[in-house]
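Asks: Position one of the sequence shown corresponds to residue 40 (the working numbering), numbered consecutively onward.
Please keep in mind that the hints were generated in silico from the structure rather than gathered at the bench.
Everything numeric in this text was worked out from a predicted model, so none of it was measured.
Wrong hints could be hidden among the right ones.
With a Cα cut of at most 27 Å, we get these calculated DSS-like pairs of lysine-lysine [to be verified]:
no. : residue 1 : residue 2
1   : Lys414    : Lys129
2   : Lys307    : Lys275
3   : Lys79     : Lys542
4   : Lys439    : Lys72
5   : Lys79     : Lys92
6   : Lys553    : Lys62
7   : Lys129    : Lys410
8   : Lys92     : Lys535
9   : Lys78     : Lys542
10  : Lys384    : Lys129
11  : Lys78     : Lys92
12  : Lys92     : Lys114
13  : Lys439    : Lys62
14  : Lys535    : Lys114
15  : Lys384    : Lys414
16  : Lys114    : Lys439
Using C-beta positions, here's what the derived DEER-type ranges look like [to be verified]:
no. : residue 1 : residue 2 : range
17  : Gly375    : Ser280    : 47 to 53 Å
18  : Ser214    : Ser495    : 57 to 63 Å
19  : Ser99     : Ala541    : 31 to 37 Å
20  : Leu482    : Thr371    : 34 to 40 Å
21  : Thr349    : Val536    : 23 to 29 Å
Glycine included, C-beta positions come from ideal geometry on N, C-alpha and C.
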Amino acid sequence: MATDYLNALGASGSGLNIRELTKSLVEADTAVKRSAAQKKIAATEVSVSALGKVRAQFQSLSGALATIGQSSVLKATSSNPAVAISVTDKSLVATQRTEIEVLQIAQRQVLEFGGFTSADAVLGSGSVSVDFGVWFAPEGEEAATSFAQNPALAASSIAVGTGATLQDLATALTSIPGVTARVLDKGDGTFSLGVVSEPGAGNALRFTVTESVPGNGLARFDTTASNLTAQVQEAKDAVLSVDGIIVARSSNEITDLIPGATLALSGKTTDPATLSVSRDTQLAEAAMTYMVEELNATMKLLGELTRRSTDGSGSGELAGDRVVETLKRQVTALIGQPLTGHGEKPVYLSQLGVSTNRDGSLSFNASAFQKAFEKTPQIFDAMFTDSLTAITPGASIAGKAASSAASGDYIFRLDPVTGEATVGGGATLALPGANGASQYLVLSGGLAGVMVSVESGVTDATLRFGRSFATQLQALLDTAAGQNGAISDREGQIGKVAEEQAKVIEALDARAAKLESRYLAQFTAMEQAVSRMKSTGTYLENLISAWNKD
Numbered sequence: 040m041a042t043d044y045l046n047a048l049g050a051s052g053s054g055l056n057i058r059e060l061t062k063s064l065v066e067a068d069t070a071v072k073r074s075a076a077q078k079k080i081a082a083t084e085v086s087v088s089a090l091g092k093v094r095a096q097f098q099s100l101s102g103a104l105a106t107i108g109q110s111s112v113l114k115a116t117s118s119n120p121a122v123a124i125s126v127t128d129k130s131l132v133a134t135q136r137t138e139i140e141v142l143q144i145a146q147r148q149v150l151e152f153g154g155f156t157s158a159d160a161v162l163g164s165g166s167v168s169v170d171f172g173v174w175f176a177p178e179g180e181e182a183a184t185s186f187a188q189n190p191a192l193a194a195s196s197i198a199v200g201t202g203a204t205l206q207d208l209a210t211a212l213t214s215i216p217g218v219t220a221r222v223l224d225k226g227d228g229t230f231s232l233g234v235v236s237e238p239g240a241g242n243a244l245r246f247t248v249t250e251s252v253p254g255n256g257l258a259r260f261d262t263t264a265s266n267l268t269a270q271v272q273e274a275k276d277a278v279l280s281v282d283g284i285i286v287a288r289s290s291n292e293i294t295d296l297i298p299g300a301t302l303a304l305s306g307k308t309t310d311p312a313t314l315s316v317s318r319d320t321q322l323a324e325a326a327m328t329y330m331v332e333e334l335n336a337t338m339k340l341l342g343e344l345t346r347r348s349t350d351g352s353g354s355g356e357l358a359g360d361r362v363v364e365t366l367k368r369q370v371t372a373l374i375g376q377p378l379t380g381h382g383e384k385p386v387y388l389s390q391l392g393v394s395t396n397r398d399g400s401l402s403f404n405a406s407a408f409q410k411a412f413e414k415t416p417q418i419f420d421a422m423f424t425d426s427l428t429a430i431t432p433g434a435s436i437a438g439k440a441a442s443s444a445a446s447g448d449y450i451f452r453l454d455p456v457t458g459e460a461t462v463g464g465g466a467t468l469a470l471p472g473a474n475g476a477s478q479y480l481v482l483s484g485g486l487a488g489v490m491v492s493v494e495s496g497v498t499d500a501t502l503r504f505g506r507s508f509a510t511q512l513q514a515l516l517d518t519a520a521g522q523n524g525a526i527s528d529r530e531g532q533i534g535k536v537a538e539e540q541a542k543v544i545e546a547l548d549a550r551a552a553k554l555e556s557r558y559l560a561q562f563t564a565m566e567q568a569v570s571r572m573k574s575t576g577t578y579l580e581n582l583i584s585a586w587n588k589d
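Can you make the complete structure from the sequences, with help from the hints?
Replies: Structure below.
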């Protein structure tokens, strides 16, 4: 059993509890600083937890923006199922009504080469050259026996080796972009090679065969003079009447007739199809309601966390935090600021039925919104859709403005002498245009990357860009809650404070250990001295007592 020599000394020494005395002295030296450091660490944990709540709410608000952005309030409808319409880019599509009649749908050319005994039938060797283009009837003839190559599509050539089969040829043809081939069992004991092109008159096929040994049979696939013999279906363009104007397209999926919308043709129409694009009031109201709810949840949280106590109820977990206070002010300012670039006059949220209450929360008046929406539905776009338009007749603009672009008007100027053009003072690159128009790619400035087209004679034009409320709010959220955003920076600062205080506690622990060792050494020496003095006193008392007896 271990012996506590210090207590043993205490019993014969001063009688003090040296260990408790040492502990008290050490605590008196370090307790205040330790308590302060521990409180600071606890405060950092509370702050980090609160910042996590802010980040989570910002992410929720960002998710709401994404959901609303994916759910366009633009409703596209068609009166005829043969012409389907869908909105693909709500920033480009406009409310409109269009009459479309499908006179002919686009077709693929289909060729059939039959009479084979199996898919493994061996073919003669040689090569097959594949050209893309248009089959047409020469003047004075009815049969389409002449071919004009499509300059936009390169010709291809495949080698047919010795021992190659019908299936091998089908595989080789399919490897060519724009060609699909397969071997079909006819069900009558014979097999055919079916070859299909892409839709559109300009995608028809012409096969030119060169036999390695004349007469080996590979020439049966040559269509230079026998296209009609092998052709099951000719390649055709889709032909449509758009508000009475005849147009043709190579595909049944058309993306350039109605900006921001895609048409899908499935057959001819006996009566014109009425296509309409309009804004859905109920969807728009639901989007506004959802937005206001998320904004209120965000502002409520920021208000609670930054609340300063004036009645003893306790301050918020982030009261006085400059970063969060700044974020709160930025969101509040954005709610109240005008949205420019969406028309001649700025748009305010109050015009859309949104008002601010005394406590900072928002109210949404659905009735006021419906009235404003019915009167001027396009003002709703200022909430969720960036606007980029050309105001001047004869000018058009395509693309998306840079994230740094400021809302407002940008002036296009063309020097008729030098041919050089600028947009908002930024340089442009002139590119070939179509139908007499000139195109300019903007190289610098807020509209860098967009394409401006102007008709002949247009030297000055006004281009207008408006950044939506949702885009501005999302940028604020990204700056705040992004990977290297303000919240992350603040968490890093708080983390450093916690690390510094942890080091303070480590230093206090080390100091406490040294103090304890020093005090124990000093008190041990004292106890030893007292013990010796007591021992000497006892000796003297005993000696005197002995003398007195004598």
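Asks: State for each hint whether it applies.
Replies: Consistency of the hints with the structure:
As the CA atoms of Lys414 and Lys129 are separated by approximately 20 Å, the hinted pair is consistent with the 27 Å bound. Distance hint between Lys307 and Lys275 is fulfilled; the C-alpha atoms sit about 13 Å from each other, no more than 27 Å. A threshold of 27 Å between alpha carbons decides the hint, and for Lys79 with Lys542 the separation of about 12 Å falls inside it, so the pair holds. Restraint check for Lys439 and Lys72: not satisfied, since their Cα atoms lie roughly 58 Å apart, outside the 27 Å limit.
Distance restraint check for Lys79 and Lys92: the Cα-Cα separation of roughly 20 Å lies within the 27 Å cut-off, and the hinted pair is therefore satisfied. In summary, the hint linking Lys553 to Lys62 is supported, as the alpha carbons are separated by about 12 Å, within the 27 Å threshold. For the proposed pair Lys129 and Lys410, the alpha carbon gap of about 23 Å is at most 27 Å, so the pair holds. A C-alpha spacing of about 20 Å is found between Lys92 and Lys535, which places the hinted pair at or below 27 Å, so the restraint holds.
Distance restraint check for Lys78 and Lys542: the Cα-Cα separation of roughly 14 Å lies within the 27 Å cut-off, and the hinted pair is therefore satisfied. Distance check on the hinted pair: Lys384 and Lys129 sit about 22 Å apart at the alpha-carbon level, within 27 Å; holds. A C-alpha spacing of about 21 Å is found between Lys78 and Lys92, which places the hinted pair at or below 27 Å, so the restraint holds. Between Lys92 and Lys114 the CA atoms are separated by roughly 37 Å; this puts the pair beyond 27 Å, and the hint is violated.
Restraint check: the Cα-Cα separation between Lys439 and Lys62 comes to about 72 Å, which exceeds 27 Å; the hinted pair is violated. Annotation: proposed proximity of Lys535 to Lys114 is violated, straight-line Cα distance about 53 Å (limit 27 Å). Using a Cα cut-off of 27 Å, the hinted pair Lys384 and Lys414 holds, with the two alpha carbons roughly 15 Å apart. For the hint pairing Lys114 with Lys439, the CA-to-CA distance comes to about 23 Å; that is within 27 Å, so the pair holds.
At roughly 50 Å, the beta-carbon separation of Gly375 and Ser280 lies within the given 47 to 53 Å, and the hint holds. Taking 57 to 63 Å as the suggested C-beta distance range, the pair Ser214 and Ser495 does not conform, at roughly 46 Å. At about 33 Å, the CB distance of Ser99 to Ala541 agrees with the hint of 31 to 37 Å. At roughly 38 Å, the beta carbons of Leu482 and Thr371 sit within the given window of 34 to 40 Å.
About 27 Å separates the C-beta atoms of Thr349 and Val536, a value consistent with the hinted range of 23 to 29 Å.
In the structure shown, a violation is registered for the earlier hints numbered 4, 12, 13, 14 and 18, in ascending order.
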